[in-house]
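**Q** Make a model of the complete structure from these sequences and hints.
Number of protein chains: 2
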Amino acid sequence: MPTLILDKKTVQGMLNMTAVIKAVEQAFLDWTDGKGTMPAKAYLVLQEGDFRAMPAALPGAAGVKWVNVHPKNPRRGLPTVMAVLIYNDPETGYPLAVMDATDITAFRTGATAAIASKYLARRDSHTIGVIGAGRQAYTQIMAHAELFDLQMVKIYDMAPSAAEKLARSVPQFKTRICRLEEAAASDILCTVTPARAPVLKKSHIRPGTHINAIGADAEGKEELEPSVLKGAMVVVDDLRQASKSGEINVPIAKGLYTPSEVYSTLGEIIAGHKPGRTDPNAVTIFDSTGVAIEDIAIAKLIYDKAKNDGHLSVDLV
Amino acid sequence: MPTLILDKKTVQGMLNMTAVIKAVEQAFLDWTDGKGTMPAKAYLVLQEGDFRAMPAALPGAAGVKWVNVHPKNPRRGLPTVMAVLIYNDPETGYPLAVMDATDITAFRTGATAAIASKYLARRDSHTIGVIGAGRQAYTQIMAHAELFDLQMVKIYDMAPSAAEKLARSVPQFKTRICRLEEAAASDILCTVTPARAPVLKKSHIRPGTHINAIGADAEGKEELEPSVLKGAMVVVDDLRQASKSGEINVPIAKGLYTPSEVYSTLGEIIAGHKPGRTDPNAVTIFDSTGVAIEDIAIAKLIYDKAKNDGHLSVDLV
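Top to bottom, those sequences are chains A and B. Per my numbering, the first sequence starts with residue 13, numbered consecutively. Per my numbering, the second sequence starts with residue 13, numbered consecutively.
Some hints could be false.
Given that identical chains are not distinguished, each listed pair holds provided it fits within a single copy or across any two copies.
Taking lysine to aspartate or glutamate pairs in the DMTMM-like style, the calculated list, with each CA pair at most 25 angstroms apart, reads [unchecked claim]:
| # | residue 1 | residue 2 |
| --- | --- | --- |
| 1 | K21 | E280 |
| 2 | K47 | D62 |
| 3 | K47 | E60 |
| 4 | K186 | E103 |
| 5 | K20 | D101 |
| 6 | K214 | E280 |
| 7 | K266 | D101 |
| 8 | K186 | E237 |
| 9 | K317 | D327 |
| 10 | K286 | D62 |
| 11 | K34 | E273 |
| 12 | K20 | D321 |
| 13 | K84 | E103 |
| 14 | K286 | D45 |
| 15 | K266 | E103 |
| 16 | K286 | E158 |
| 17 | K186 | D291 |
| 18 | K20 | E103 |
| 19 | K242 | E231 |
| 20 | K47 | D101 |
| 21 | K21 | D327 |
| 22 | K84 | D101 |
Please keep in mind that the hints were generated in silico from the structure rather than gathered at the bench. These numbers come from a predicted model, not from an experiment.
**A** What follows is the structure, given as structure tokens:
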């Protein structure tokens, strides 16, 4: 039995945000219902960067994403983050496919944030503010556009050229490149920076705002002033992982926040175990660290589409 | 930059036991000298089987092996164990190759046992006894033949047909299919069974024997009566992993053995921090659980050989 080899271009051609959002939402539901399995990530930490092994299984799907973070790569003309995913049959362990997961990672991060916004943002949200105009910002906008009628995209980046580049990449939307304060005054706010000290202050945040805190995904990273968390309804993708490496990790380490203050997981809200937003004036925060069930859900989507399409396959094992 | 795709046949054609033994011994040395990194395996446990993510790095090499164990596979005509390895540049994280690691796993397990025998068996060892004649038994014999003058290979298996098949696969050696007791009366003994209760009893073991205990690689598995361990010089590949899933795991769980009774790691002996066998009458045991540095060392060997040879490559990421 051959293994499909799905390269970057092939995967890019198959990624569809509508389908991705549906698959990721279902994955959180399955996982919350005990139909998914996800052990903790394994970190391989080296001098120039690190690697993470992210295994997970969902009904009919299993696999591992192997993703690196090498901050000095741009100087060498390489992306900071590259990911490969091995996709297996959970019944036999057979490796059905090996695929690029760099774009899967970007799509699922955008999709998950948009799903969080669906349950946590005000229904009448029409403006999205993006803090940090790097690679992840684009999929944040594209995913939210699937679920919201976006009338304005506000973009802030320390580097104006990055903000301009992002604006040019979404010509279908009305965009405004603006100061941090102005971008923060949006219905939905997505923070996608590599910050290690708070960028967003409490004074920036209006009542009723929903924040997707995406950037913090490792120990020591944080984007929000801890006081922003204190009065807010905080939802996490995975409590254990968020406490260790998400937006709440630094405030917890400093004794300014405790995991017990977290309102819920995203899965519990999707499953209806807990309500999402009920108060139009509440500040809600989704602390996204990225979980492997998201990647495996999309890998299944891609494999199911690719398997009958004559893609490159080899007798790998 | 393209990623090499090295399928089963390609990898098989490149595996050379002499080179594998040399690379694995160097890997243990590097790891013991602090030049390697190996986090704990991540286990994904499902109903029909399990998967393990095994990341590691050595000088100039990094990657992860993703390997399944699905015991019911033979009924479906599939191997129980299949492995894929993603091999990366540690400096940039770039995935240089994706390769079959099923045969790498068998080769490195044999190689590591033979290296252990080199330091722990009597120099004048000429007979090898193999308990369990499955897939791993073949590479045990081949690896030991590199380092010892094997005058007799004794084979025991509960299934005589398996023993006969193994004997036929090594026609270059004098073999004898025999009872457990007779196979156990060998200079070097390799236990390669899936046993969950002791197969080898204290009464089977003569003074001066070296045992490579290979089979136990998960909680609840054991091949040796705990009393065999008590009087012996026990060496492990990795103390943390052996205590959890190696030959010593069940005796430790039952309070019959403690990790402090372990004499040494294999790496410490190779590095000369501790002597190997000094007493010709001692019973020595190498408790092999299998560590990812072994796989990465061989992956480097294969990649370095393959990269200039025009193998299949794709723009994977």
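**Q** If you test the structure against every hint from before, which numbers come out violated?
**A** 1, 4, 6, 7, 8, 10, 11, 15, 17
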